[in-house]
Amino acid sequence: MASTIGSTAKTTGQIEQEQQNTQQENRNHLTYDDEVIKKIAALATIETDGILGMSGSFFQGMKETFGREESITKGIRADVGEKQVAIDLEVYVEYGKSIPAIYKDIKESVARNIHQMTGLELVEFNMNVDDVFTREEFEDNRSSSKSRPDSNRVE
1 MASTIGSTAK TTGQIEQEQQ NTQQENRNHL TYDDEVIKKI AALATIETDG
51 ILGMSGSFFQ GMKETFGREE SITKGIRADV GEKQVAIDLE VYVEYGKSIP
101 AIYKDIKESV ARNIHQMTGL ELVEFNMNVD DVFTREEFED NRSSSKSRPD
151 SNRVE
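The numbers in UniProt numbering rise by one with no breaks, and the one at position 147 of the sequence shown is 147.
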């Protein structure tokens with residue numbers, strides 16, 4: 001008495017279809033500009049209690065001064081690969097807050113948001129604290145820098 005067991009062998013047509021699907025998938029790519037990843041990281045960072053703002057390099061500051069625009073991604077560097085991302089942040093922290101706790105909160109939030117929105121894995125996260133301010137001191141510094149007279153003004 002012969003019994004037949006369910007066959008898992010694929011027909012030639014099925015194999016050809018799978019090969020075509022694989023070739024088609026290899027031709028399609030989803031990529032992200034570094035600015036997209038930096039913006040996701042920035043939004044996650046500024047939502048964190050204890051972060052007063054992003055700092056950034058001297059050149060970024062000069063660009064904003066002359067361009068009269070403040071970039072939300074100031075102080076963030078992102079290296080984006082096909083499956084992974086590395087982030088470097090430069091921040092101002094509120095005096096009296098636990099910096100290690102802030103670091104942990106930001107790292108978790110950035111990793112979660114990047115993964116949720118892009119599917120990329122955060123494999124390296126570095127945060128540099130450029131300065132510590134009281135909230136009042138930080139706000140005073142921001143308002144005084146915004147109220148500086150325009151250097152191109154003619155009297």
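Note that these hints are calculated values from the structure, not bench results. Careful, some of the hints might be misleading.
[As the list claims (entries may be wrong)] Below 35 Å or equal to it, Euclidean Cα-Cα: the simulated DSBU-like pairs (lysine-lysine) are:
no.	residue 1	residue 2
1	Lys10	Lys83
2	Lys104	Lys10
3	Lys107	Lys74
4	Lys97	Lys83
5	Lys97	Lys107
6	Lys39	Lys74
7	Lys74	Lys97
8	Lys39	Lys10
9	Lys107	Lys83
10	Lys10	Lys74
[What the hints assert, rightly or not] Label pairs and their in silico Cβ distance ranges:
no.	residue 1	residue 2	range
11	Gln14	Asp49	33 to 39 Å
12	Glu108	Glu82	31 to 37 Å
13	Asn126	Glu16	27 to 33 Å
14	Thr11	Met117	37 to 43 Å
15	Glu108	Lys10	50 to 56 Å
Ideal placement from N, C-alpha and C gives every residue a C-beta, glycine not left out.
We went through each hint and held it up to the structure:
At most 35 Å may separate the alpha-carbon atoms for a hinted pair to count; Lys10 and Lys83 meet this at roughly 32 Å. Pair hint Lys104 plus Lys10 does not hold up; C-alpha atoms about 50 Å apart against a cutoff of 35 Å. Between Lys107 and Lys74 the CA atoms are separated by roughly 17 Å; this keeps the pair inside 35 Å, and the hint holds. For the given pair, Lys97 sits about 34 Å from Lys83 by alpha-carbon distance, which is consistent with the 35 Å threshold.
Taken as a hint, the Lys97 and Lys107 pair is honoured in the structure, with Cα atoms around 16 Å apart against an allowance of 35 Å. For the given pair, Lys39 sits about 9 Å from Lys74 by alpha-carbon distance, which is consistent with the 35 Å threshold. Note on Lys74 and Lys97: the hinted pairing holds, with a Cα-Cα distance of about 22 Å set against a maximum of 35 Å. Proposed proximity of Lys39 and Lys10 is contradicted: the alpha carbons are some 47 Å apart, above 35 Å.
Distance hint between Lys107 and Lys83 is fulfilled; the C-alpha atoms sit about 18 Å from each other, no more than 35 Å. As the CA atoms of Lys10 and Lys74 are separated by approximately 55 Å, the hinted pair breaks the 35 Å bound. Against the hinted window of 33 to 39 Å, the Cβ-Cβ separation of Gln14 and Asp49 comes to about 55 Å, which falls outside the hint. Distance hint check for Glu108 and Glu82: the Cβ-Cβ separation is about 23 Å, which falls outside the suggested range of 31 to 37 Å.
The beta-carbon spacing between Asn126 and Glu16, approximately 48 Å, falls outside the hinted interval of 27 to 33 Å. Between Thr11 and Met117 the CB atoms are about 40 Å apart, so this pair conforms to the stated range of 37 to 43 Å. At roughly 44 Å, the beta carbons of Glu108 and Lys10 sit outside the given window of 50 to 56 Å.
Checked against the numbered hints above, the structure violates hints 2, 8, 10, 11, 12, 13 and 15; every other hint is satisfied.
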